[in-house]
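**Q** The lines below spell out each chain.
Number of protein chains: 2
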Amino acid sequence: MADNPFEQNLDRNPANFQPLSPLSFIERTAAVYPDHLAVIHGAFRATYAELYARARRLASALAKRGIGVGDTVAVLAPNVPAILEAHFAVPMVGGVLNALNIRLDAKTIAFILGHGEAKVLIVDGEFAGLAKAALAEMGGDKPYVIDIDDPLYPEGERIGAITYAEFVAGGDPDFAWTWPADEWQALALNYTSGTTGNPKGVVYSHRGAYLNSISNALDWGMGQHPVYLWTLPMFHCNGWCFPWTVTSMVGTHVCLRRVEAKAVYEAIAEHGVTHFNGAPIVLNMLVNAPAELKVGLKAGVEVATAGAAPPAAVIGAMETLGFKVSHVYGLTETYGPAVVCAWHRDWDKQDAAERARLRARQGVRYRMLEALTVMDPKTMAQVPADGETMGEIMFRGNVVMKGYLKNPKATTEAFAKGWFHSGDLAVLHPDGYIEIRDRSKDIIISGGENISTIEVESVLYRHPKVLEAAVVARPDATWGETPCAFVTLKPNIQATTDEIIAFCRDHLAHYKCPRTVVFSDLPKTSTGKIQKYALRDKAKAL
Amino acid sequence: MADNPFEQNLDRNPANFQPLSPLSFIERTAAVYPDHLAVIHGAFRATYAELYARARRLASALAKRGIGVGDTVAVLAPNVPAILEAHFAVPMVGGVLNALNIRLDAKTIAFILGHGEAKVLIVDGEFAGLAKAALAEMGGDKPYVIDIDDPLYPEGERIGAITYAEFVAGGDPDFAWTWPADEWQALALNYTSGTTGNPKGVVYSHRGAYLNSISNALDWGMGQHPVYLWTLPMFHCNGWCFPWTVTSMVGTHVCLRRVEAKAVYEAIAEHGVTHFNGAPIVLNMLVNAPAELKVGLKAGVEVATAGAAPPAAVIGAMETLGFKVSHVYGLTETYGPAVVCAWHRDWDKQDAAERARLRARQGVRYRMLEALTVMDPKTMAQVPADGETMGEIMFRGNVVMKGYLKNPKATTEAFAKGWFHSGDLAVLHPDGYIEIRDRSKDIIISGGENISTIEVESVLYRHPKVLEAAVVARPDATWGETPCAFVTLKPNIQATTDEIIAFCRDHLAHYKCPRTVVFSDLPKTSTGKIQKYALRDKAKAL
Numbered sequence: 130m131a132d133n134p135f136e137q138n139l140d141r142n143p144a145n146f147q148p149l150s151p152l153s154f155i156e157r158t159a160a161v162y163p164d165h166l167a168v169i170h171g172a173f174r175a176t177y178a179e180l181y182a183r184a185r186r187l188a189s190a191l192a193k194r195g196i197g198v199g200d201t202v203a204v205l206a207p208n209v210p211a212i213l214e215a216h217f218a219v220p221m222v223g224g225v226l227n228a229l230n231i232r233l234d235a236k237t238i239a240f241i242l243g244h245g246e247a248k249v250l251i252v253d254g255e256f257a258g259l260a261k262a263a264l265a266e267m268g269g270d271k272p273y274v275i276d277i278d279d280p281l282y283p284e285g286e287r288i289g290a291i292t293y294a295e296f297v298a299g300g301d302p303d304f305a306w307t308w309p310a311d312e313w314q315a316l317a318l319n320y321t322s323g324t325t326g327n328p329k330g331v332v333y334s335h336r337g338a339y340l341n342s343i344s345n346a347l348d349w350g351m352g353q354h355p356v357y358l359w360t361l362p363m364f365h366c367n368g369w370c371f372p373w374t375v376t377s378m379v380g381t382h383v384c385l386r387r388v389e390a391k392a393v394y395e396a397i398a399e400h401g402v403t404h405f406n407g408a409p410i411v412l413n414m415l416v417n418a419p420a421e422l423k424v425g426l427k428a429g430v431e432v433a434t435a436g437a438a439p440p441a442a443v444i445g446a447m448e449t450l451g452f453k454v455s456h457v458y459g460l461t462e463t464y465g466p467a468v469v470c471a472w473h474r475d476w477d478k479q480d481a482a483e484r485a486r487l488r489a490r491q492g493v494r495y496r497m498l499e500a501l502t503v504m505d506p507k508t509m510a511q512v513p514a515d516g517e518t519m520g521e522i523m524f525r526g527n528v529v530m531k532g533y534l535k536n537p538k539a540t541t542e543a544f545a546k547g548w549f550h551s552g553d554l555a556v557l558h559p560d561g562y563i564e565i566r567d568r569s570k571d572i573i574i575s576g577g578e579n580i581s582t583i584e585v586e587s588v589l590y591r592h593p594k595v596l597e598a599a600v601v602a603r604p605d606a607t608w609g610e611t612p613c614a615f616v617t618l619k620p621n622i623q624a625t626t627d628e629i630i631a632f633c634r635d636h637l638a639h640y641k642c643p644r645t646v647v648f649s650d651l652p653k654t655s656t657g658k659i660q661k662y663a664l665r666d667k668a669k670a671l
Numbered sequence: 130m131a132d133n134p135f136e137q138n139l140d141r142n143p144a145n146f147q148p149l150s151p152l153s154f155i156e157r158t159a160a161v162y163p164d165h166l167a168v169i170h171g172a173f174r175a176t177y178a179e180l181y182a183r184a185r186r187l188a189s190a191l192a193k194r195g196i197g198v199g200d201t202v203a204v205l206a207p208n209v210p211a212i213l214e215a216h217f218a219v220p221m222v223g224g225v226l227n228a229l230n231i232r233l234d235a236k237t238i239a240f241i242l243g244h245g246e247a248k249v250l251i252v253d254g255e256f257a258g259l260a261k262a263a264l265a266e267m268g269g270d271k272p273y274v275i276d277i278d279d280p281l282y283p284e285g286e287r288i289g290a291i292t293y294a295e296f297v298a299g300g301d302p303d304f305a306w307t308w309p310a311d312e313w314q315a316l317a318l319n320y321t322s323g324t325t326g327n328p329k330g331v332v333y334s335h336r337g338a339y340l341n342s343i344s345n346a347l348d349w350g351m352g353q354h355p356v357y358l359w360t361l362p363m364f365h366c367n368g369w370c371f372p373w374t375v376t377s378m379v380g381t382h383v384c385l386r387r388v389e390a391k392a393v394y395e396a397i398a399e400h401g402v403t404h405f406n407g408a409p410i411v412l413n414m415l416v417n418a419p420a421e422l423k424v425g426l427k428a429g430v431e432v433a434t435a436g437a438a439p440p441a442a443v444i445g446a447m448e449t450l451g452f453k454v455s456h457v458y459g460l461t462e463t464y465g466p467a468v469v470c471a472w473h474r475d476w477d478k479q480d481a482a483e484r485a486r487l488r489a490r491q492g493v494r495y496r497m498l499e500a501l502t503v504m505d506p507k508t509m510a511q512v513p514a515d516g517e518t519m520g521e522i523m524f525r526g527n528v529v530m531k532g533y534l535k536n537p538k539a540t541t542e543a544f545a546k547g548w549f550h551s552g553d554l555a556v557l558h559p560d561g562y563i564e565i566r567d568r569s570k571d572i573i574i575s576g577g578e579n580i581s582t583i584e585v586e587s588v589l590y591r592h593p594k595v596l597e598a599a600v601v602a603r604p605d606a607t608w609g610e611t612p613c614a615f616v617t618l619k620p621n622i623q624a625t626t627d628e629i630i631a632f633c634r635d636h637l638a639h640y641k642c643p644r645t646v647v648f649s650d651l652p653k654t655s656t657g658k659i660q661k662y663a664l665r666d667k668a669k670a671l
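Those protein sequences? They're chains A and B, same order as listed. Here the first sequence is numbered in our numbering, starting from 130 and rising by one per residue. Here the second sequence is numbered in our numbering, starting from 130 and rising by one per residue.
Misleading hints may appear alongside valid ones.
No copy is singled out in the list; a pair is fine if it fits within one copy or between any two copies.
Stated by the list, open to error - Below are the SDA-like pairs computed for lysine to any residue, each with C-alpha atoms no more than 20 Å apart in a straight line: (1) Lys-538 - Glu-136; (2) Lys-248 - Asp-553; (3) Lys-453 - His-354; (4) Lys-619 - Ile-410.
Honestly, the hints are just simulated from the structure, not real lab data. All figures in this text were calculated on a predicted structure; none of them were measured in a lab.
Here chain A stands alone, though its shape is the one from the complex:
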């Protein structure tokens, strides 16, 4: 193409090319809307001018300690202002934010701090004990520790060299931070909650975070000035990129140390919350909350849910309460959500059950994901769009991770044949929407037939006595495996195995129905996912 005139003397230069970075958002919002309320946390309030100044102070203080490009800063905290500030400050110095799951055990945290080579650890007082145990567990260089002294948790222990307030006070609010030299530069490091073996460190780029932040707003239809309640942990896929999304949309971040139904309903009433995100378990909690909390609830609050597939019954109950539920899907490897159940206006005419069924599907690619499909992972052929044939969900595009840190083997495997392999099994419907049937490892194979545990669970959730349910494989001499249901009933309710199974047989092919029903609480991972591996062990031992 030497003679293509469009490729001659038309190169990139600083005037026409700048690295995409979510730092662009806070710079703009602070400049254009300096007085807009940016953060609410208990009695604490910060405008965007103040949030930006605090982030620049933190960045400046980190720079003074020598933190620069490629240096990891870990944070172990619930949704307090410090972790929000870190989402801007750490990349301002070229650092990589490693937000740690507060529900992990000390040993795993020690592994992550070591593997990620954290130079600094910012820790909330409530988790100081956990951090101390993790640091004791670590070999090699240990991070410099900063204690968050949150007035909403005054009993917190101090284990570090300095408090967060003191550390930030030592920084310059006018700090001249630098844009990343390259939009592919690492911005964040998020460890998967691997159920076996060591967790893997998923690396995000500035480019990917920028694009997914914007796609969140477009695909959720989030307009200017949302009031966003932080029910989703910021340590979980960087709160699905919403620290940057909400800032770009000039919204208000309402912090929340702990997700409880009362606190959520109160925040909606008190701060005029317009949007929040939550795993289906959070929705379930809100649906089953005492009636007096729901009195006067304003209609139209937007909720996007992801994580485990939300049972249609839970979505329907949320709608009845007046919430507007959107359904998104993604993985840590896709910056959180990268798939959305894009709504069609004529679906509004359907009855509530059908709407909930449509809404429970995972859907289609985000505007800023370039491709999504369901394939046979062996042949890489797309499965027929028949709503029946299962395959693996595959992603391709700019909102897919850079790869796994220091793990080229896992990275190569994940990106085999030019697509990101999700490990989730799904069908492709005739309208092109995908619907998850199971994680590869969760699927039950009974008499040679695949049984989607999610399909069985969605029936269990429709039973009026059931609060939560999970289905796993139980080894069986005849069938290989049979479905085993673990069920939590609503408070003060009784049920029998027979009535549960009978209900399933009314709504499912008989081979899909549980052969065994166990009434118990469900073990959950630190992000609220039900721990199916633990239930599988229990089922095996029955």
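Given the coordinates of chain A, work out where chain B should sit on it, guided by the hints.
**A** For chain B alone, kept in the frame of chain A given last:
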């Protein structure tokens, strides 16, 4: 940084990196919303499945004629479906779309076709005569000509080898088009309407068009499913990128061959138009339209206006009619708008005059422009944010052109010192909003004082008898220059020079007031801008 683990084995690959391209939008919208109404043109209707199939047919037919990467396809047409389809089809084969201004003269079109090396010219019947004259004027290779046979203009002449309908029919609706290999690849070529010398060919990239398309939606607050009326010519900065914006937002494109007040008001009533764009002159036309056209106008139709600075009086009158006016600013070199007068909710409390004054400012950077400021072009120092000191508006970011085609000298000058030099003079207000005072070449220097012609014009527009006004410099022996006003009065209205000058003296410093007032029509460029150079010649000859 050889030891930075975040730069090792974490490279771009097809799974995690794809070139940004607005073609992504039509692929997604056609897949997810195939049955949504995409195009209205007279009695013609096309869904997104149909629009996408038509665009793929056109791309396929172009490919069959050998059109590929770096080949220019010119279109000379008003806002008909063919030019919309070309916005997708041409880049699908790697080609460069050169949409030609239908109001240019044959000689200029001949120059552009030659300079841009157009391989194909798609021409609407109404402009066949113009095209024929331009082709006769050309030396060297001439493009392959395709005639658009629009049923809404049956009297159009045929000058080409084939009709558009026949050409498209020869293409494959399932054509497997290719994504650009690089997001920096050229997508479009738009010639500036230079008032002196040959026009310059501004080159757009896939990346820039993608980002500006999205920023349009975010910065205008355009939600899902807009009904967009094509008052803005698609040949003008690719309709400011709205062919791609509206498609991304799953909207309906309402085509319009000619912008007339009656047609606009009818389209709003008939098709439920929600959004349109127009130069201030279009707004002025709507404001001054006969009252019977405005009967029953629904409130809340969104209008974004750019081009020449809209007089506050015109914005105010539009608001009174119930339109919601947004004000954007940009140049051909910035993909159309890249600056927006971002609104503040508390400005709603101001009175109408103050709201219009605030709204008339150009504003702040688009979300997807990285930097915007006003500088002394000699020192490249930012001017003080005092609302008084003038400097040149400078842009930096991803929504700035690749450069000027085959014009490295102009490209280098435009990007001097790492910023795009707009040639527009402005002040920076204390709140960071910019406000244009003039084009560099339009400013009047009287007795050593700068006089902004825009400031004087905005006062003239507030005079109840004035329909349009333009102010230029008139040479003066004593003062160097003095302001000379050209004024068009409203129909059947009379006014005197003295009353116009007296009104100005009531609202402006006396040295800024016109010394001369000429009542006449105003000469306009092909894009509806007032031709100040022609008025300057007239003023000189007075």
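**Q** Does each hint hold? Answer for all of them.
**A** Each hint, compared with the structure:
{"no.": "1", "hint": "Lys-538 - Glu-136", "result": "between (37 Å within a copy, 16 Å between copies)"}
{"no.": "2", "hint": "Lys-248 - Asp-553", "result": "neither (35 Å within a copy, 48 Å between copies)"}
{"no.": "3", "hint": "Lys-453 - His-354", "result": "both (18 Å within a copy, 18 Å between copies)"}
{"no.": "4", "hint": "Lys-619 - Ile-410", "result": "within (14 Å within a copy, 66 Å between copies)"}
The structure fails to meet hint 2 from the earlier list, while all remaining hints are met.
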